[in-house]
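Chemist: Sequence:
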Amino acid sequence: MLRLAIVGLGKIARDQHLPAVAGLPEIAIAAVVSRNARLDGVPCFETLEALFASDVAVDAVALCTPPQVRRAQAALALAAGKHVMLEKPPGATVSELAPLIAMARDKGLTLFATWHSRFAPAVEPARAFLAANRPLSVKIDWREDVRVWHPGQDWIFEAGGLGVFDPGINALSILTRILPRPVFLQGAGLAFPANRAVPIAAELDLADEAGLPIRAEFDFLQAGSQSWDMRIETEGGTLMLSAGGAKLDHDGRPLVDEPEAEYPALYRRLIDLVGRRESDVDLAPLQLVADAFLLGQRRSMEAFTW
Numbered sequence: 001m002l003r004l005a006i007v008g009l010g011k012i013a014r015d016q017h018l019p020a021v022a023g024l025p026e027i028a029i030a031a032v033v034s035r036n037a038r039l040d041g042v043p044c045f046e047t048l049e050a051l052f053a054s055d056v057a058v059d060a061v062a063l064c065t066p067p068q069v070r071r072a073q074a075a076l077a078l079a080a081g082k083h084v085m086l087e088k089p090p091g092a093t094v095s096e097l098a099p100l101i102a103m104a105r106d107k108g109l110t111l112f113a114t115w116h117s118r119f120a121p122a123v124e125p126a127r128a129f130l131a132a133n134r135p136l137s138v139k140i141d142w143r144e145d146v147r148v149w150h151p152g153q154d155w156i157f158e159a160g161g162l163g164v165f166d167p168g169i170n171a172l173s174i175l176t177r178i179l180p181r182p183v184f185l186q187g188a189g190l191a192f193p194a195n196r197a198v199p200i201a202a203e204l205d206l207a208d209e210a211g212l213p214i215r216a217e218f219d220f221l222q223a224g225s226q227s228w229d230m231r232i233e234t235e236g237g238t239l240m241l242s243a244g245g246a247k248l249d250h251d252g253r254p255l256v257d258e259p260e261a262e263y264p265a266l267y268r269r270l271i272d273l274v275g276r277r278e279s280d281v282d283l284a285p286l287q288l289v290a291d292a293f294l295l296g297q298r299r300s301m302e303a304f305t306w
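Take the sequence shown: its position 88, counted from the start at 1, is 88 in the numbering used here, and no numbers get skipped.
Keep in mind the hints are simulated off the structure, nothing from the lab. It is possible that part of the hints are untrue.
Beta-carbon label-pair distances, calculated as ranges [to be verified]:
(1) Arg-268 x Gly-236: 28 to 34 Å
(2) Leu-24 x Ser-227: 28 to 34 Å
(3) Thr-238 x Gly-108: 45 to 51 Å
(4) Lys-139 x Arg-276: 34 to 40 Å
Straight line, CA to CA, 20 Å or less: simulated SDA-like cross-link-like pairs of lysine to any residue [unchecked claim]:
(5) Lys-139 x Pro-182
(6) Lys-247 x Gly-237
(7) Lys-139 x Ala-243
(8) Lys-139 x Glu-217
(9) Lys-107 x Ala-72
(10) Lys-11 x Glu-158
(11) Lys-247 x Ser-227
(12) Lys-247 x Arg-231
(13) Lys-139 x Arg-181
(14) Lys-247 x Thr-234
(15) Lys-11 x Ala-261
(16) Lys-11 x Glu-46
(17) Lys-139 x Asp-205
(18) Lys-107 x Val-281
(19) Lys-139 x Thr-234
(20) Lys-107 x Glu-278
(21) Lys-107 x Ala-57
(22) Lys-11 x Phe-45
(23) Lys-139 x Gly-252
(24) Lys-107 x Ile-271
(25) Lys-11 x Pro-151
(26) Lys-139 x Arg-127
Glycine included, C-beta positions come from ideal geometry on N, C-alpha and C.
Starting from the given sequences, assemble the full structure and let the hints guide the process.
Modeler: Right under this line is the structure:
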């Protein structure tokens, strides 16, 4: 039995982590760390330091806090001998992850940087199809309403919160999983609210070493129907990955259409990694976002504030 502490009891923890753990007999929630929330029947602490100073035994922590504070929390947990599960994105910067990877390796602990969208049901079938059918072009449309998905969460528009790349990085995590070759950024356009540090919309142009053209458009102000879609033209026809990776069509013929079950799969992966004392930290999606900030042409939306 893996004794887990949930750190940060906000929307993602309540919507995804708690239900996922409840359905897995191999994991038990042993504690919660939150300054503002409590969970009935579970010991609650305001800080990780308070948890580790108590007599409550935990084997692993799931960091569901904003990315700006995860590095320090992960370092504290690893130093205390705990396995660490990082919500996405795994941190506010790419470089801050290297010391954590080294610490986990040296201590024989698991560090798991989760990319939940890679565990959507159509992702692996899409990867298998593209291994056998050369992709010719990719078009990504990831458009959602931040007011619906992140109500009152101002941290998402602060430095390190990623803005529109918080959902957009899900598309990049799928892209870097399913394509046969690594991809790199060629150019980006970023639209910033007048009063915020990170973009609310973005357009990316990417490619692989063979010149595969990839266009990604992210929008955090999508009203009405939301879209999380990826259209891939291949030598074997058109592949359409939609609903964030839950559906897959080939030339209009359904191949996969299954309900979301990403977070139970994430926790099963965590159990496997802990059992083998291994880590899983792929930084490719976060690196692409960092490159977008480096290369991106900035446009201020003066008429819009958040």
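Chemist: Does each hint hold? Answer for all of them.
Modeler: Hint check:
no.: 1; hint: Arg-268 x Gly-236: 28 to 34 Å; result: holds, 31 Å
no.: 2; hint: Leu-24 x Ser-227: 28 to 34 Å; result: holds, 31 Å
no.: 3; hint: Thr-238 x Gly-108: 45 to 51 Å; result: holds, 46 Å
no.: 4; hint: Lys-139 x Arg-276: 34 to 40 Å; result: holds, 38 Å
no.: 5; hint: Lys-139 x Pro-182; result: holds, 16 Å
no.: 6; hint: Lys-247 x Gly-237; result: holds, 16 Å
no.: 7; hint: Lys-139 x Ala-243; result: holds, 14 Å
no.: 8; hint: Lys-139 x Glu-217; result: holds, 8 Å
no.: 9; hint: Lys-107 x Ala-72; result: holds, 17 Å
no.: 10; hint: Lys-11 x Glu-158; result: holds, 18 Å
no.: 11; hint: Lys-247 x Ser-227; result: holds, 12 Å
no.: 12; hint: Lys-247 x Arg-231; result: holds, 12 Å
no.: 13; hint: Lys-139 x Arg-181; result: holds, 16 Å
no.: 14; hint: Lys-247 x Thr-234; result: holds, 18 Å
no.: 15; hint: Lys-11 x Ala-261; result: holds, 17 Å
no.: 16; hint: Lys-11 x Glu-46; result: holds, 17 Å
no.: 17; hint: Lys-139 x Asp-205; result: holds, 10 Å
no.: 18; hint: Lys-107 x Val-281; result: holds, 16 Å
no.: 19; hint: Lys-139 x Thr-234; result: holds, 12 Å
no.: 20; hint: Lys-107 x Glu-278; result: holds, 11 Å
no.: 21; hint: Lys-107 x Ala-57; result: holds, 18 Å
no.: 22; hint: Lys-11 x Phe-45; result: holds, 18 Å
no.: 23; hint: Lys-139 x Gly-252; result: holds, 16 Å
no.: 24; hint: Lys-107 x Ile-271; result: holds, 18 Å
no.: 25; hint: Lys-11 x Pro-151; result: holds, 9 Å
no.: 26; hint: Lys-139 x Arg-127; result: holds, 16 Å
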